Structures are given as C-alpha cells and as structure tokens.
Amino acid sequence: MLKIRNLTVAVHGTQILNGLSLEVPAGEVHAIMGPNGAGKSTLSYALAGRPNYEVLGGTATLNGEDILSMEPEIRAAYGLFLSFQYPLEIPGVPTLTFLRTALNEQRKTRGEEEVSAPAFMRMAREAAKRLQISDEMLKRPLNVGFSGGEKKRMEIFQMELLAPKFMILDETDSGLDIDALRVVSDGVNHMRAPDRAMLVITHYQRLLDYIKPDKVHVLVAGRIAESGGADLALELEKNGYDKYEVAA
Amino acid sequence: MAIDKNTISAVAELEKYKYGFVTDIAADEAPKGLDESTVRFISAKKNEPEWMLEWRLAAFARWKTMDEPKWAMVKYPEIDFQDIIYYSAPKERPQIDSLDEVDPKILETYKKLGIPIREQEVLLGVKGSAKIAVDAVFDSVSVATTFRKELSEAGVIFCSISEAIQEYPDLVRQYLGTVVPPSDNFYATLNCAVFSDGTFVYIPKGVKCPMELSTYFRINAANTGQFERTLIIADEGSYVSYLEGCTAPMRDENQLHAAVVELVTLDDAEIRYSTVQNWYPGDENGIGGIYNFVTKRGDCRGKRSKISWTQVETGSAVTWKYPSCILRGDESIGEFYSIAVTNNHQQADTGTKMIHLGKNTSSRVIAKGISAGQSNSTYRGKVSAHKNATEARNFTQCDSLLIGDKCGAHTIPYIENACMSAVFEHEATTTKLGEDQLFYCRQRGLSEESATALLVNGFVREVMQKLPMEFAVEAQKLVAISLEGSVG
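These protein sequence lines map, in sequence, to chains D and U. Position 124, counted from 1, in the first sequence is what my numbering calls 124; the numbers after and before it change by one each time, with no gaps. Numbering-wise, my numbering comes out as the position in the second sequence, counting from 1, plus 248.
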C-alpha cells in the first residue's frame, strides 16, 4: 500500500525528515509516536503535498504510484486523506456543500459519475448519526465556531464520506475528552478494511487502546528509530523517548 | 406562418418602441467636444420640450464652474472633456466576420458563464448573425411585449426616460433632479446636461409590480450610452424590484461612464435595486478599461418606506460609486449590500451614505471587498443622524478579503451623529485568503481554482443571498471568474 524510502524533507530551508523509510501494507494500522519536533506532522504534510514542504530526496508510493509528483488534490482523488491536527475554518460554506463539492470533484478526477444530492444526503445522515453530529452542525459553515472536539469529529466525518484508501490521522486525539475519544475511535475503526490502511500519529498511548495498531514506529530526529508491535507503545508511555534521543 | 406573422408584428412593435430616436435631424453624432451647442443638439435630437432644455442648460452653466473631485482613493490620467462625443444615435455596433476576431479571453469568459455560441455571436455582433439576432430579438420582444401588457394592466410605467419626458412630463418634472439635484457633484451635473437616455419607472399607489423589472427587457437598453439617467418612483404602498446590468462582458468604446440613478419611495413603498456591473476592467497591465463615476441615491420620502441597494461590482478600471439613502420619512429603512471585486490594476472607491433625518429610521450596511493582483479597493461610507432623527439606528459591517500580497483594502467610515438617542454600530475585518485554507481544501480534493471560488463565495454569501435568485447564480460565477489566476 504505502511505501516510503529514504524520504528527506525540508521546511523553509530547515531539514526535518532525514531519510525516513516506512511501509504500511493494505489492511493494517500503523502508529507513529515520537517526541515534539521529531517530524511527525512534517511527514503527514509532506505526504499530503503541502506547499513549502520541499522533498529533497527519497520516494513515496501509494499502490505503486509515485504520489510525491502529484498535486495535493490529485493525491486526495487517488485516495490519500489527512485528518488535520488543527482543522481550518471555512466561513460562509456550509459543511455539506463543501463536502459534496469535494467528493464530486474527486470522483470527476477519477472519471466516476457524480453522486446525486439525495444519495449524498443519505450517506451524510448515516455517517453523522454514527459520529453524533447534529443536523444543525451540518448546516453551519465548516468548522466555524466548532469546539476542538467537534472539529476532530468533523474530520472523521469527512473521512467517512470521502472514503479514502490511505488515511493519516495527525494527533486526532488531542483536545478530545474520553467520550469524544470513543466516538471518534469508533468512527475510525469503522473505516478499517482489507483494502485500506492507516497511519495514526499520536503523543499518547491512550488512543491506541481504542484504535489497535498492527505496528508502532518511533520517530526521532526525522527518521524511524525503532519499530515494534502494539506493546512498544506501552513501553514508550512508561520510559519515554530518552534512549532514542541519546542515540540520535 | 403564424410565427412569421408574430415576428413581423413584434418587430413592428419594436420599431414603435424606439420612440424618441426617430428624428428628422440628419446628423447622427454630435461633434466632438462640449459647449452649450452640444447640449442644445442633444435636446433637439430628442425633441425635448423647452423646460427640459432649460434644465440641461442650467446644469451645464453650473458644471462649467465646478472642479473634478480629487478626494477618492483612485488614480487615473486626466480626462479631456473636450475629447468626448456626447451624443451618437443608437446604431448597429461595428460588425465582425466571425468569433475568431474576438479576443479569446472574452470568449473564454462567455464559455465559463455558460452563454451559448449563438447568443455570443449576437452579443458580440458577428456578421450573418442577423437572422439569429432577429430570432433572439423575437424571443425577447415577445417576452417584453407580454410583459408590457401585464405591466400596463397593473398601471406600471416602464419606459425609456426620453419616452417619459414626452409622455409623462408632469411626473418627470415633479421628480427629476429632486434626489440628485443638478448641483450635486461634478459628474452628476455633467450627466444632467448631457444625459443620452435611461430608464423611467413609476409604480402607482398600492401596486406590487407583478415582475422583476430588468433593463434586459428594455430593447434599446443596450445602447443608452455613457451618460445614463434612471428615475424610479414608487408611490404609496407600492413595491418594485429592479435589476440593472448584465454578467456578460460587453464591448464598449466609451471610456467614461457617468450615470445618475434617482429613487423615490412614498409612504409604505419599497424599492429593491440590484446591480451587476461587469464593464471592461482594462487588461492585466492596467491599459484601457472603463471609468465608472456614478451617482446613485434613493430618497425614502414617505413614512415606513424602504430602499435597498444590492450591488456586485467586478468590472471597470476605476469605480467611484456610493449608492445612498436619505431616510427622510419616519420609520424608513435603508439597506446597502455590496460586493466589490478588484483584480490586476483595477481601483474601486465605493460605499454608501445613510442619512438619517426622520424618527426611528434604521439602516444596514454590509460591504464585502475582495482585492487581488495589484488592485486597490476602498470602502467609504457615511452614516449621519440629524438632531431630529431620534432613535435612529445603523449597523455597518465591512469585510475585506485580500488575495496575494500586492493588493490593498481600505475602510474609511465617516460617522456624524447629532442626535443623543441614535445608535450606530460599525464592524470591520480584513483577512487574507490563507494558503492554509487553500491547502486544506485541496487536501479534500478541490483544485486550487475551485477552492478559491468556494472560499470567495463563502466570503460574499451573505450579500449574494440578497440578490434575486437567477441573478445570484450568475453573479457567483462572475465573481469566481473575475479572480481566476489571481492565486498562487
């Protein structure tokens, strides 16, 4: 599914990722943990194609296709989704209008038929119910005046409707209370499928109690310092990143 | 056969409608330049009564003593008022052989607005499209004549101002120049002296105009020239919604436009006036383009009357325009909703004046400015309350959106309050169309172009909703097109 080889990325001239390699096969969920400034968000932005994130070397492919050469919107149409750590507000654009426009533009790029308004509404209602999003919230401009937790739920809602192949969740747990965490995790787990894969970036082991990873990677100083099973997260929670930082 | 017969009678009807243009003076055009004889020439061309000529001459005498205003935040080369032709009879536009001769950029815009090739040819005056033109004219004539019938049954007068001067002189004399007096300002005074044509509307007492009136349905509206004059009167308890302009960019050889619009509402009457303005803005280097110096004012003369201005301004090189309301009648209401888009080297200095004179008057101003390229956009607004305007209320909100880092947005509010119990509120924001927002949209699969359109339409949504439905859809597309290529 996703293969990253020796990825080196600079942001405004400062090199952040230093030859990072990572592989996430279809059907799996991988977690990335690491100290502040290790390059976790840089990895997610570089994969999504944010401007000013300059790829200096290495490759990244999704199902064998080189995604780094694609425009951000083409990557999205190709099935890459990033749940933002800080989702942006889109004033004046109702949530459903935004999403239907985005979905149909993705489908157009892929050469698929547009989704009709009634079919879209059915999909939206179903997903909204699962994520406990009210009709009133769907009518409001996207993310405007939403609380931190509501914004995160809205990210997962968007993810469900856009039905991507590869998902990156960038600190989706930050700012969530325990109930919201459960709702969001249920939404994420609902998306798990044999032909999909996920990269979950988090500071805390807590999220991984709800979203069980197949593998955990430790990201330190711009590269993967160690990889292991789900227990690695528990160990990190206990001992911190000290030993990796010394090594780096 | 029946259709042919209809066509013939419709065209005959059309000829009849061109009242005021049929004259026995041989020359089609006034000589270049402006002096008293030019004013006399125009008046004679239109067979105007003596009082009208006197009115024009008085305005001209006044104009000669006035100076061009310089306070607006716009720059343009000096206008040589002796280098302008002040009158030319409505005539066929110069024809072209095919659409291949038209600037491809204009065609591209037409395509994006969804105007069919057939209509494009008519709009741009392609040779051989005459038959098509007749069809098109036939379409609109039949629509127009049906409408005219319905309107006259309701007692509504909707005609050219030239026609009104001949047919309804008492109404014209009673109201013309009473909202924008001939001495008002340099350009308005010039307009009084040389106005070529325009629109006249009268809605009788208690009548809700049965349809939205649009210049589109006025056959000779296409060529009213650069000095247009509009007068709309809503008598007691009446209502009318009037649409002006066109989203399709029109070729126009006139560089200076100085129109005057006067609205009058009597007791309990309401006028909604919507404008979409898309005149040639000049090229991307700021060469050419229309100078649009317009005076628009409404007088809420009667109690509980209401005037609402809505405008979408995307065209012209220089815009200087302040649709205003005089809230004279007690409990009258004034509204101003505006979207002004400037790109490349365009300059706009626009806003409104809400003059509260009566008791319990209220006004609401929502102005959205979008600047891109190296353009400059200024909101200039005045809200004032006379000492008798007890309990007057105003709410003003000015939002500016900047795209790129070479453009400018300015907000200049003037507030004059002579009344203790009046309450005025003013809110202003300036935001930059964020790269972060754009990236967020693109991550969801929207191209840069559609993301910009979506964000911009979100920004102006509140005002768009004030436009009549069919106008709003076109205007939304127009705003997006005006800003194309301005991001990134």
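Treat the hints as calculated values from the structure; they're not laboratory data. These numbers were taken from a predicted model, which means no experiment stands behind them. A hint or two may mislead.
Straight-line Cα separation of at most 25 Å, DSS-like style, residue types lysine-lysine; simulated pairs [said to hold, decoys possible]:
#: 1; chain 1: U; residue 1: Lys551; chain 2: U; residue 2: Lys601
#: 2; chain 1: D; residue 1: Lys215; chain 2: D; residue 2: Lys238
#: 3; chain 1: U; residue 1: Lys453; chain 2: U; residue 2: Lys607
#: 4; chain 1: D; residue 1: Lys165; chain 2: D; residue 2: Lys129
#: 5; chain 1: U; residue 1: Lys725; chain 2: D; residue 2: Lys139
#: 6; chain 1: D; residue 1: Lys139; chain 2: U; residue 2: Lys714
#: 7; chain 1: D; residue 1: Lys238; chain 2: D; residue 2: Lys212
#: 8; chain 1: D; residue 1: Lys139; chain 2: D; residue 2: Lys215
#: 9; chain 1: U; residue 1: Lys725; chain 2: D; residue 2: Lys108
#: 10; chain 1: U; residue 1: Lys630; chain 2: U; residue 2: Lys551
#: 11; chain 1: D; residue 1: Lys215; chain 2: D; residue 2: Lys243
#: 12; chain 1: U; residue 1: Lys680; chain 2: D; residue 2: Lys151
What the simulated footprint calls covered on chain U by chain D, stretch by stretch (three residues with Cβ under 8 Å from a Cβ of chain D suffice, anywhere in the stretch; the number is not a length) [unchecked claim]:
#: 13; region: 296-302
#: 14; region: 690-698
#: 15; region: 701-713
Note that CB positions come from ideal geometry on N, CA and C, so glycine has one too.
These are the hints, each one checked on the structure:
no.	hint	verdict
1	Lys551/U with Lys601/U	holds (19 Å)
2	Lys215/D with Lys238/D	holds (18 Å)
3	Lys453/U with Lys607/U	holds (24 Å)
4	Lys165/D with Lys129/D	holds (22 Å)
5	Lys725/U with Lys139/D	holds (22 Å)
6	Lys139/D with Lys714/U	holds (19 Å)
7	Lys238/D with Lys212/D	holds (18 Å)
8	Lys139/D with Lys215/D	violated (39 Å)
9	Lys725/U with Lys108/D	holds (20 Å)
10	Lys630/U with Lys551/U	holds (22 Å)
11	Lys215/D with Lys243/D	holds (20 Å)
12	Lys680/U with Lys151/D	holds (22 Å)
13	296-302	violated (count 0)
14	690-698	holds (count 8)
15	701-713	holds (count 8)
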